[in-house]
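A.B. asks: Chain by chain, the residues:
Protein chains: 2
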Amino acid sequence: MYSNFTVDCVIFGFHEGKIKVLLTERNEYPFKDTWGLPGYFVDNDEEMEHAVKRILYEHTGLKDIYLEQLSAFAGLKRHPSGRILTVAYYALLQLDHMKVKLKPITNYMKQARWFAEDEIPELAFDHGQIIELSLAKIRRKITYSPIAFELLPDKFTLTQLQMVYEAVLGKVLDKRNFRKKMLNYGFLKELPEVQKGVSYRAARLYKLDKRKYLKIFQQTISF
Amino acid sequence: MYSNFTVDCVIFGFHEGKIKVLLTERNEYPFKDTWGLPGYFVDNDEEMEHAVKRILYEHTGLKDIYLEQLSAFAGLKRHPSGRILTVAYYALLQLDHMKVKLKPITNYMKQARWFAEDEIPELAFDHGQIIELSLAKIRRKITYSPIAFELLPDKFTLTQLQMVYEAVLGKVLDKRNFRKKMLNYGFLKELPEVQKGVSYRAARLYKLDKRKYLKIFQQTISF
DNA sequence: ACAAAAGTGTTCAGAGTACACCCATGT
DNA sequence: ACATGGGTGTACTCTGAACACTTTTGT
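Line by line, the protein sequences give chains C and V.
Just so you know, we're using UniProt numbering here: the first sequence kicks off at 1 and counts up by one.
Just so you know, we're using UniProt numbering here: the second sequence kicks off at 1 and counts up by one.
No wet-lab data here; the hints were simulated from the structure.
Do not take every clue at face value.
If several chains are the same, the list does not tell them apart, and a pair holds so long as it fits within one copy or across any two.
With a Cα cut of at most 27 Å, we get these calculated DSS-like pairs of lysine-lysine [said to hold, decoys possible]:
#	residue 1	residue 2
1	Lys-53	Lys-137
2	Lys-141	Lys-171
3	Lys-53	Lys-207
4	Lys-63	Lys-171
5	Lys-181	Lys-141
6	Lys-77	Lys-141
7	Lys-207	Lys-155
8	Lys-181	Lys-155
9	Lys-18	Lys-175
10	Lys-181	Lys-53
11	Lys-212	Lys-137
12	Lys-110	Lys-215
13	Lys-212	Lys-77
14	Lys-207	Lys-18
With the hints as extra help, turn the sequences into a complete structure.
C.D. replies: Structure, rendered in structure tokens:
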């Protein structure tokens, strides 16, 4: 049995130097056959965040994804058949090696696809606006919180890390300054491995030392 | 006719060096006679933010108050008689000269009162948690956004401004450094007036130059 | 050898931080 | 005259920003 409100989720991934958003093609009215955010009614006896995690799992096959509530949207005209309140979340996941299997096993969605920021079509409801707000939020948040690592695989190169920052912030950063700053934080652990399968000098791999990063950013919980 | 969700509002003021929160004593079950946040069901044909402004007006007699959405709360157990989703907002207002007349002209609230942070009693529902989150949010926000001015009268002294920062951040700041920094921003306009009615050297009054402050902080819209 | 990206230091300017005394005013 | 908060400057450190070349590796 469904409750009277929905959750919608802006799922961000990082691929080929770009931030991507996972959208689904709706299979229900209103806005049937239109692209929109993954989301649906919360069950009556289900915690809201559980519903979001369920939807994330249904669409990506992944659990334990970084998740934050963005905002509630309740405009009287956002839904053609009367106001339906939705609580929007954004999620950041590791889109590496296409471990992520897109499988909208729900019957209210036809297919799912990743869209780059500049490819996003007209969306159902106010979902375009929700994505805009999410982008604004992570743009601000990345400047004081290490959310970039949520978008990268466990082992990554400094160049990959820099590309995440550049993609989110929408500007190019100085390589030397970026590396200096990141390494100075002290929460990056140099691994004895290097990249494989590249036709040029292989880059050193790093991983995040979660202990140290939490110690440094402990004042940055949530907001 | 009421919708199926509520709004709750954490109203902050600044008085005698302390951040205060406006609470009301409930006159309805559940939690009758318990203190809680001002808030109520949104009308069916009413925009959510309009409902918040209405509640603010009903409690303080003020309009055009600084307002931001905090978060939605929808825990299954937050309301004894089944889940009721609430969207929490926080508001910052100028509590100067007691221009604010507390008048809960609603029939679902008995009285309203300002509480300092360390005087807050046990509250109805999850309202204590909502206040905690609001405080965390403004603590972060004041470091990158000039919300302090929302809590002050139009004309204020630099010491008053510093006291707002100290109250929100919960730590003492260096007077000389604080003044240097604030004046260097360039959005404070020195007035040809000084404080009145004090038994010591009267302090210079300043006001905010909104033009300049918006120019400097334009990247800081909303989030 | 060549193509491609990895990796690396120094200098400069501006911001943050620490710190203590005299001044103006009302009583 | 005294009590109270108002108002002021300097030195040091740290961080951010600008800037270009050599090294490594696979093909």
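A.B. asks: Are the hints correct? Go through all of them and say.
C.D. replies: Structure-based check of all given hints:
1. Lys-53 - Lys-137: Both ways: Lys-53 and Lys-137 sit 20 Å apart in one copy and 24 Å across, limit 27 Å.
2. Lys-141 - Lys-171: both (16 Å within a copy, 24 Å between copies)
3. Lys-53 - Lys-207: Only inside one copy: Lys-53 and Lys-207 sit 26 Å apart there, 48 Å across copies, limit 27 Å.
4. Lys-63 - Lys-171: Classified as neither: same-chain Cα gap 31 Å, cross-chain 40 Å, threshold 27 Å.
5. Lys-181 - Lys-141: Classified as both; 17 Å inside a copy, 24 Å across copies.
6. Lys-77 - Lys-141: neither (30 Å within a copy, 31 Å between copies)
7. Lys-207 - Lys-155: Answer is within: at 5 Å inside a copy they meet the 27 Å cutoff, but 52 Å across does not.
8. Lys-181 - Lys-155: Intra 19 Å, inter 41 Å, cutoff 27 Å: intra-copy only.
9. Lys-18 - Lys-175: For Lys-18 and Lys-175, only the intra-copy Cα distance (18 Å) is at most 27 Å; the inter-copy one is 45 Å.
10. Lys-181 - Lys-53: Close neither inside one copy (34 Å) nor across copies (44 Å); limit 27 Å.
11. Lys-212 - Lys-137: Both: 25 Å inside a copy, 24 Å across copies.
12. Lys-110 - Lys-215: Result: close neither inside a copy nor across copies, 43 Å intra and 45 Å inter.
13. Lys-212 - Lys-77: Neither: 47 Å inside a chain and 36 Å across chains, both beyond 27 Å.
14. Lys-207 - Lys-18: For Lys-207 and Lys-18, only the intra-copy Cα distance (21 Å) is at most 27 Å; the inter-copy one is 44 Å.
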